[in-house]
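Q: These are the residues of each chain, in order.
Number of protein chains: 4
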Amino acid sequence: MAMVCLSDFEAYAKKYLPKIAWDYFAAGADDCTTRDENILAYKRIRFRPRVLRDVSVMDIRTKILGSEISFPVGIAPTGFHQLAWPDGEKSTARAARAMNTCYIASTYSTCTLEEISAAAPGGLRWFQLYVHRNRAASQQLVQRAEALGFQGLVLTADLPYTGKRRDDVRNGFRLPPHMKVKNLEQAFEVCKMSPLDPSVTWDDIYWLRSLTRLPIIIKGILTREDAELAVGHGVQGIIVSNHGGRQLDEGPATIDALVEVVEAVRGRVEVYVDGGIRKGSDVLKALALGAKCVFIGRPALWGLAYKGEEGLQDVLRILQDEFRLSMALAGCASVSEIGQHLVQFSKL
Amino acid sequence: MAMVCLSDFEAYAKKYLPKIAWDYFAAGADDCTTRDENILAYKRIRFRPRVLRDVSVMDIRTKILGSEISFPVGIAPTGFHQLAWPDGEKSTARAARAMNTCYIASTYSTCTLEEISAAAPGGLRWFQLYVHRNRAASQQLVQRAEALGFQGLVLTADLPYTGKRRDDVRNGFRLPPHMKVKNLEQAFEVCKMSPLDPSVTWDDIYWLRSLTRLPIIIKGILTREDAELAVGHGVQGIIVSNHGGRQLDEGPATIDALVEVVEAVRGRVEVYVDGGIRKGSDVLKALALGAKCVFIGRPALWGLAYKGEEGLQDVLRILQDEFRLSMALAGCASVSEIGQHLVQFSKL
Amino acid sequence: MAMVCLSDFEAYAKKYLPKIAWDYFAAGADDCTTRDENILAYKRIRFRPRVLRDVSVMDIRTKILGSEISFPVGIAPTGFHQLAWPDGEKSTARAARAMNTCYIASTYSTCTLEEISAAAPGGLRWFQLYVHRNRAASQQLVQRAEALGFQGLVLTADLPYTGKRRDDVRNGFRLPPHMKVKNLEQAFEVCKMSPLDPSVTWDDIYWLRSLTRLPIIIKGILTREDAELAVGHGVQGIIVSNHGGRQLDEGPATIDALVEVVEAVRGRVEVYVDGGIRKGSDVLKALALGAKCVFIGRPALWGLAYKGEEGLQDVLRILQDEFRLSMALAGCASVSEIGQHLVQFSKL
Amino acid sequence: MAMVCLSDFEAYAKKYLPKIAWDYFAAGADDCTTRDENILAYKRIRFRPRVLRDVSVMDIRTKILGSEISFPVGIAPTGFHQLAWPDGEKSTARAARAMNTCYIASTYSTCTLEEISAAAPGGLRWFQLYVHRNRAASQQLVQRAEALGFQGLVLTADLPYTGKRRDDVRNGFRLPPHMKVKNLEQAFEVCKMSPLDPSVTWDDIYWLRSLTRLPIIIKGILTREDAELAVGHGVQGIIVSNHGGRQLDEGPATIDALVEVVEAVRGRVEVYVDGGIRKGSDVLKALALGAKCVFIGRPALWGLAYKGEEGLQDVLRILQDEFRLSMALAGCASVSEIGQHLVQFSKL
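Chains as they are written, first to last, in the numbering used here: chain S, 31 to 378; chain G, 31 to 378; chain L, 31 to 378; chain D, 31 to 378.
For the record, the hints were derived by calculation from the structure and aren't laboratory data. Remember, it's a predicted structure, so these values are computed and weren't measured experimentally. Only true hints are included.
Copies of the same chain look alike in the list, so a pair counts if it fits in one copy or across any two.
Taking lysine-lysine and the DSBU-like style, the derived pairs with C-alpha atoms no more than 35 Å apart in a straight line are:
id: 1; residue 1: 212; residue 2: 49
id: 2; residue 1: 337; residue 2: 45
id: 3; residue 1: 322; residue 2: 73
id: 4; residue 1: 44; residue 2: 73
Sequences are here, hints too, so could you generate the full structure?
A: In structure tokens:
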């Protein structure tokens, strides 16, 4: 079976992963409307391609918070990579470094931050944080990440409680006994009583600020009002995200929300987006609408499920090739030439 | 089979109810367009969720006409509950009281008002009235309900004649011989010649007013013009309803009509809505658009069909949990924080 | 099998008619887009039903060009009724008279005008004309119709050439040898060289006017420009029609074109519509949008195919009952109460 | 099997062509969205047909760059006609001449320009050019074409790199060994390293101008900005094209882009369109929206696959008959009567 596009990896993962793992990764909240809308919304955006521009030399590099990456696609934080591949997040870290891009490691990793760091020294990594009822546990995590050379702190804002994912309820999803949320082994046990703190508010940004010198990126913003609050509270970046449609169902597709957020932010901080990226041209659309970079979640897991580090590299390489080609066919030779003039919203 | 969401109960009821009963409950008028639109219209409403608000303590209680209920979901009036469960409306009354919410008992109950009252003393109940050609029968019913402690009188306005439900015609639907429209055993026999009075007009509100001190709620309003007339005639509440799509096909979905009615009413009376509620987030949408409370029809019957009183409680508990979760994920800690800013209409 | 709604008759006809006859009646031009759009367009119109109006006494009669009919549904001109039922147009005439409505007999009848008249003396009938290259033949037809008591002359304007109906081409459609286009046996033979005159223009209205005192109704108008021309040339009525989607594919649905035509005509002549009527509520929508009456084509043929005169009466009676019920449920007790306030166009 | 409409030829070709050839011709880039949109977009355009106009004498001829053709449909440049029929482009040339229309021969022909010319002397032909890294090879081609009597030079602007057509990747598509890109046998070998020059810009129009006196037509324009540039650089014609959806996926349908381009061009040069033409009425729509002529790609290949020269003539004849009929049914007797008043965009 030739792996030609990302849906080939999806089909592979669906076929070969244990059902309970596939269901967990695939799950959306309630009717999965938002999960699917994330993808459909890209289809409603049409390019306005320009021709006869010199695209013989293509430059697809970009920078996020000052660090250069080989192309504007990073790895979004997702949990439990050992469900996809035995080496788990260590493989993810290696693939991201090999492709010279950014990997956001999740609080819910099945490897420790130390293992992740050791697996791919020098790779560009951010750390994603869920704030715990036990604030000391969170503080310790943040400071471990900083000490290990993680270069950004991503605060997830859209999970005061876990969304209702019907298949996980039906399956009685829990980690197999030989896997652990290793970073927090002492602090809690997953899937029993939620350790996450639903009382977190904007003021806690100041608390995080007091713990670390890392840039703070807030993940889960979908409205101009919250984008304004994020900027006002001094974050360095915003990830427009609806948690892959796994939290509140029937909110906006992220690519639609991106437009609203970018407009509100007016360039004061970097804006990224995740959710629904399946082709290189989706990346081009997101950049045309103002994203500095996109992050992929499920496709990275499909790559891991296919062949671990190597499979994830395949996924990234395909996205990279497709992104370069779609840039060229749209008439852009470098990322700096990408702008809103390249796209229009279909009336359909 | 795990009962995770309301459609699980629907699937159960479809599988285990006699076809003639399932068809009767499921029926919509003509092509069933409005029945289905009631559900689809919710899908076209998108949340604008807010993040980083303290949702550690959730308060989902509300009041309708001064009575507190545990969450803004009541039981809409539907007929013939014995078709779903042997104890019929007695089970419904018990489940509603157990969940501390309001039950609107139908004129077409298969238990008497007295049986319903005795089954769940102290429960919050309203009585739904069809006006009969024999006005004395109607007067007697209203006064029995008031004497039994029912706390509201719901006048159904959209059934001068019964809608054309093709499956009922094909099935030759009628109640089995051992069931009776008990409240009216003397007054008429169902499914022969219609006893309902198609000459009822707005002036009859005054007649009802003269019969009882109960608040009058009018059910079946879909336009601003009729909402204005309702307020002008001194009703205490309006239920935006299209009778579950069982009367005039191809009218508006109730959630769409709600917007128009709420705007016309300008807070002068309480406005409720029924039709198409299938998830806790639907309740949140209805409240965001101005409903004080929603009422469920078919899902209550599915709950009864599953396990009687207990099954209906399951349905209500699922809705309650989903409503609470969707409120939290949208950034609201109490019902008073819900407002129109939470939603937008999708252009699709 | 119970005949509950018009699609029951359609299913019957599809099952029992010879394929070549079914295909001929069902045919639309090219991709059949307009044929199907005629039906879909009704679905995009939503009622705004009013409640608590006295609908105990319903009056569904109307008048067309001064003649009272029992309800605003007549029989559109369609050809070759013997393909549906042995007695052909004689059965159609009898059914229309029995239901006290108007029947527009086609030039392409398989019975003579004399046979049609004799079959149902005193029935309200109009005659539909295709203008022939042999103008004398047309003149003779018009004058025969007038002498036989037909009360209107319907000029079909949208068939300078016959549309491309792929199934008819594949089937090599032609009338079976024992059927004839009897009114024109001498003048031409169908399906060889077309006898219709593609040079007919608006000036030919004056020529028709010179032949007869009958009111002239023009059929096939879809634009405001042509509606204005029709009024300017002194016709008495307009039938908004796209020939059941059998001529130019991908023109407007007739119910959509009706709005434009009614607006242009400003009440100067009566406007009717055909195409896509499948339920009583479709009739109500057409009247709300300004039609004085609608005409049914294929459903009449299905009724004939089911049981001849009796089957067509069944179809008409169902439409009548559905129309009366939908009027009542929309809050109208008589046709004069129907108006544009009853409907709105769905944004979907 | 009767060949009644173009989709009959499509079905034939799909059934009888080798899968690798069918896939190559059918391929669209990525998800094939644009390929399919080219067709769907026509469906969203509705005619406003006019009636009672004298259409007894129909004139469907037109002129492109001064040359008369029998009707406004030419053959778009597509590659590798021997994959469809042994005689390849020689058959295409013969069919185009027989039908008195224009054939744009592709750089990627499997016959030489000399063979094409000799096959159908006197036929109206244009030559389509891909600019090579080896500019001398391109210069020689252009000058051979001019010397052979080709009357136009079509520069394809939308292929700096080849689009990603998943099926071709899966199939490992390449020409069978007995076929050659004959015009360039010395210059390159297809499907190894691309010989096309991705550095071509607008300035190269001046270079082409210096090579030949042929009118230059630019193919692949989709925006008003590029249309303005094309006019500014002195081209004689523009073909609005997205390469049949084979290059950048999710750009506009060509019929939608046509409107924008025609508006920008304001009659200064001729505008043509290709992509999605499947019926004679599509041609009418394109002309109503300002195209001087349309070109067909895949349908021509299906015709070749059916019966070579004869099959392609069948395809053209069907389009011609359908175009003539739809013109008449829309009320136009000659191409000069076609205008924007004939169409409107559906809101759906």
